[in-house]
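As given, the protein sequences belong to chains B and F, one line each in that order.
So the first sequence is residues 1 to 173, counted in this note's numbering.
So the second sequence is residues 1 to 264, counted in this note's numbering.
These aren't lab readings, by the way, just hints derived from the structure by calculation.
Hints are supplied without guarantee of correctness; some may be wrong.
[Stated by the list, open to error] Rough simulated footprint, nothing fancy, chain B against chain F, three-plus residues with beta-carbon under 8 angstroms:
#	stretch
1	74 to 80
2	199 to 205
3	211 to 217
4	221 to 228
[As the list claims (entries may be wrong)] Some chain F residues judged to face chain B by a derived CB distance under 8 angstroms, without partners named:
#	residue
5	L6
6	A21
7	E48
8	K70
9	D175
10	V191
11	G261
Glycine included, every Cβ here is placed at the ideal spot set by N, Cα and C.
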Amino acid sequence: MASQDARALETFYDRYNRVAFTLVLRIVRTREDAEDVLSDVFWQAWQQAGRYDTSRGKPIAWLLTIARTRAIDYLRSGSKRAAETEFDANAPVEPAERSTDPFVLAGLQHAVKTCLEKLAEPQRVALEMAYFEGMSQTEIASALNQPLGTMKDRIRSGMMHLRKCLKPYEAPL
Amino acid sequence: MRHQQLTDELQEKAILYAAGALDEDERREYQRHLDEDNCAVCRGEVRESEAAAQSLTIMLPMQTPSESVKRRLMERAEASSLTGRRRQSAERSRPAFAWGGWLAAAAAAVLAVVFFNTNAGLREEVESLNRRVVELESEMTTQRNLVAMYSRATTVINLVGQGSTPQARAKIYWDEPGRRWNVSVENLPAVPNDRDYQLWFVPRTGNPVSARVFNTSATGSAMLDIPVPPGVTALMAAAVTVEPAGGSSLPTTTNGFALLGAIP
């Protein structure tokens, strides 16, 4: 990747395109927009591979950070399609055995699901509004009509729960 | 500023940053802290929290993009790689001009102007030198004639105009050891284009021998440098006749001589 080898990009894409696309689609909500953003995400990753800092996390974590940032920027740019489309949380989940994503193959999806099920609803909602909707703590507090301090506490406690719950899996991403 | 140990406040900020929940000003300032302060404490907290936040993605229904995304991406990457390789190759082949293709072009243009001007100048100089060569050759002939005139080994033959050209005069400076005639003609009118003057060696016995076919200038003068052939000896006179253009093997004139001079 760092040497601008197109074959390395293909390998990287084949490995992580689905998880990145899932995140982007969750944020921008339409497939057409999500595919445009996804292409830009991998292009940016390929262009900036030489600057990748291993101390900042694993490659997939780095990629998802790019993906989320790109998708949130796209969302804030005012896409009509995104504004008019509700995310379909009930869309069918593809069978795990067809997936090539490493954490899925490792059965981590089940572990994460278990951790999230133990997460209190107010904490999960606050986290998802921040992570998937790109809303700041102030915006979330305003949207939910809750004090800012309460929102900070919910986000913090929810995140600490996930970190502790996922610790045995050595940070899946 | 690098932090030495983790506090609740630092942990909260790292979590809010990883969740994407910081307000824009705070997010920008914290990003700067991570990038520039190289704070290991905060980076570690952000790394763990980002992994946890990203785990939210795992619980989403997995989606697959269409094949066209990969196709477009790879076409773009292949094109970029090809362009990069060409650029690198070009830069390797001309490292000294890596920053200045335009400079090379400008230099070429300047050189072209210089060469053009130089060529034009050279052409003028060559033409001038050629003219000078002709002048020097003429001058050399004159000097040789002068040397011959004052040499003790030279015989001077005076030719006088005959018939219709009584005003004509000529002198022959005969360099006998050098076997050359240097001839100076004056006041002999030029003949029409269908005619030429012809100078003859006139031996004591036998037929005249052609020395030179010539014409005079508009002023009636001519300067001739003529070798004397080995078989030409025992001369009694020198004569000039008017002949058809190109000369004759023997004098054909019926009008007599234009110039005639006896050899002592």
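Determine which of the earlier numbered hints do not hold for this structure and return their numbers in increasing order.
Of the numbered hints, 2, 3, 4, 5, 9, 10, 11 do not hold.
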